[in-house]
Amino acid sequence: MTAATAPYPHHARRGRAHPLFAAALLAVTVAAAGVAGAAAWRHHAEARQAELAHWQRLASTAADADALARLAHAAAAGETAARAALGETLLGRADGPSRADGERWLRLAADNGNVRAHFVLGKAALLGQLPTGKPDLPRAWTHLEAAARAGDAPAAYYLGLLCRGGYGRAADPAAAVRWLTVAADGGVAQAMFLLANAYREGEGVARDDARAVGWYEAAAEREHPASIQALAMAYRNGELGLTRDDGEYRQHMAEAAHALRHPALTP
Amino acid sequence: MVVCSSRNCHGTDALDSDNALRSSTPTKNNATRESETMQQRIFRLRSVTLATLLAGAMAIMAACGSEDSAGNGNGGGTPSALVPAGTTATLALLETTDLHTNVRSYDYFKLAEDKSLGFERVATLIKTARQEFPNSLLLDNGDTIQGTALSDYQALVKPIACGETLAMYKVMNDAGYDGGGIGNHEFNYGLPYLSQVTGSRFNVDGLPDPGTQTACAGPKFPQVLANVYSARTHAPLFQPYAILTRQVTATGPDGKAVTAPLKVGIIGFAPPAILSWDKRWLDGKVYTEGLVETAEKYIPEMRAKGADLIVVISHGGLDASAYSPTMENGSYHLSKVAGVDAMLIGHSHQIFPDAASTVAQFNLPGVDKVRGTVNGVPTVMANYWGKHLGVINLALAYDGTRWSVDRANTKVQARSIQNADKTYVAPDAAVAAAIDAEHQATIQYVKTPIGTTDYRMSSYFADVGDPGAIQIVNMAQAKYVKDYIAANLPALASLPVLSVSAPFKSGFGGGNDYTDVSAGNLAINNAADLYLYPNTVYAVKVNGDEVKAWLETAAKRFNQINPALTTDQPLISTFPGYNFDMFTSADIAYEIDVTQPVGSRIKNLTYLGNPVTSAMTFIVATNNYRASGGGNFPGLDGTKTVYASPDANRDVLISYIKNAANVTRTAHGSARSWRFTQVTTAGKVVFSSGVGMLQQAVDAGLANISLDKADDGSGKNLSQYRIDLSL
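Protein chains in written order, with the working numbering: chain A, 1 to 267; chain B, 1001 to 1727.
It is worth saying that the hints were derived from the structure and are not from the lab. Take these hints with a grain of salt, some might be off.
Said to hold, decoys possible - In silico lysine-lysine, PhoX-like type, Cα no more than 20 angstroms apart, as pairs:
1. LYS1256(B) to LYS1127(B)
2. LYS1336(B) to LYS1369(B)
3. LYS1115(B) to LYS1422(B)
4. LYS134(A) to LYS1541(B)
5. LYS1709(B) to LYS1684(B)
6. LYS1640(B) to LYS134(A)
Unchecked claim - Taking beta-carbon pairs under 8 angstroms as the criterion, some of the chain B residues facing chain A (in silico):
7. GLY1284
8. GLY1635
9. ASP1637
10. GLY1638
Heads up, the beta-carbon is just placed ideally off N, CA and C, and yes, glycines get one too.
Can you make the complete structure from the sequences, with help from the hints?
The structure is reproduced here in structure tokens:
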């Protein structure tokens, strides 16, 4: 859409220019063409990402062989993002050979700096979802740190868990709070919940009921059932500096029940 | 149909039959058919190369579009020559959303009226609005067929027959809805059910060929959903859009009333996350497309078919973060798609417009929460459960070739069923009358005994060892998880399955704040007393050390007792009772030594008589709150979950009781996994519980409890009891 419209102002501008300003016009034209070119390139990259994401959705949720073949073709041609998409798709399958293949493509993409591939591998390594079926904590740390440092909020969430629980290293509650904050700022509701718990308990951060309530509420707005329930309980019992309020309690209970049918998804 | 074969043009039987069933006017019938046939064709050509596909689709689009226009004489966006330029009109879009089968103003758990909600009251607002506005369309946003005991009754308890219409759709048919969207909750009971009750014939895996299906009774208005597709056919599950042609009363440039035809295109969207939320029903059967891509695909098509206006019915809220095709609340980005004239949104259970709203999604750049616009597009969200009616009164102007929305004179409102004086509008009596049989049957169902108990199941002494109200929950959870693992997770089948639960009601609110179920019949509503919270069952995999750490945290429930003190010592700390997780099984045993500091209280923890060690692995059944980190228990951070069930703990308990039929103290209320480490104290150790409840401790076999003070002095209707820790 933007590709088709982006060049238009440039042509319009050129049509109105006076010949005396030819040099200036040339500069403007070159600059405008540059801008339009960058926009077109950006659009092209976005369109390609959307296309890969579309194939990945079809290949994973609809088991579409044609979409998988397209991903495989692009991956074989060396496209890093396609390798990540193909790898993630295959790693999510049930059979061993597909999963091993998936890990291989993800590694290739991660070696090329693909953030999503780092995240997928790191999460799988933490949760024991690599083809070995066992957790690989050193790899979890490596991949999740790489992705989190690149600004990936889901990776920051899992890195926060690693810091919180230790997972092969000494637990570091303060670092956990830092990474969970990155994830929470990035919209991860489960990170908001754990961050609220940390403020509530004073774990890795100074105890602060008001901030705890703030994060529970932020997660509640994203339909995170446990956060809504925490607020319900607090209104029932007068916890977290909240005044006991039967109306708020019942309202939050009803919302928690409702949210359970479509909980905020953990990345 | 000359260019296309009839097979090509009417290929999707499900959609086509929908069409025939729902069409109330020939024009609408043709309009919707056009959209469906296009889908069909595009799908049919998928296997060809991209270039061929595009060329083919465009050729067919041109051929069929023009042909259908010629056929019905009003297509192609050509306005009637009778309407002069300068004509103006208004069109009120009336929205309901997230009704969740709250037909009556009634709470089926309390078995009592609840005037603050219910379609029967919104129906009154609809009548009023129709009197107020000369031209209106009544549209529903979805999340319509699930959410109360009534919906469960019709879906699960006594599933409605093919020829019957759901109570919710029945009253919507009576109210004369013009169209509806599909929300995420429509998928909660599975695709066969959704296909049946909407009068569809889905062409998806798990259902027979549409040609052999019978189209059942359903809504008499078109239901639109553009971004959910059958994995089998790659065609939309529902018709993606419909074009409603209405004769509207307008005002000519001379000020005189004229009648003008208006074609309103409605297009529906559901949150792509349905694939995760209802994975068990949808996995591999349907897939979703992004909202923006879908809108960009269909809106030009709708315009080409003559739609004067495009009304988006988006079951999702506003989220201004970067667009993604899987984002849950995509309505903010939809507002920026060219050609969108108005948006009816929902899903978030909020009110928009609302000048006082503090909700983050209504305080974004481009969102005018006073006027009710999103990036300039008039938008309404009508709360939930039939508490509000959304109204967008579009001001329309005709310039001789097309209608356009005069945004400056368009007004958006969310109208409450509550009056300014806090009373509620009267219900429309016809609504209750239309579904009285279904309503009464649901009440009977809620009251029907699901089993009996031979003992009074209470939590008055749960803190000091009575498992009477907790063990049945643990037994139900353990059995449910064990069965699931045996059937679905063979790799875990060799691991022992344990269960924990806590006394959710343990007196914090006073003498009435305890679980207390009388001996005798157990009904559905007793289950809410035995399991207070709306949780779902989760199973976590933990090792022996993690089990011990879990119990150490739970044991914070108690103060540290100094045996040498001669003064009274309160046993119960400020640690909430709802976090006092406990096992209640003969297989696992432990002591809680309250003379020790927090973290060193669990002693002699054994499983089947053997000490529990880090080398042992267990599956522990619990709930979503605990498994995802609620209560901040060490190690429980969401990563240990091996099964996140969609089933509610309370429903699992109900089905366990139904299966057991007779609940007994011996079998379901006497397994004490834990006891206090014995210690003689110089002074009294005391705690509070309900007044006059000592017999409950006696009946539970707790011989070390005595009444200390009839009134504990808290003013909360509690007595003070003493526990002798040496016994």
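Query raised in the report: Of the numbered hints stated previously, which ones are contradicted by the structure, given in increasing order?
Result: Number 1 - this is the single hint that the structure violates.
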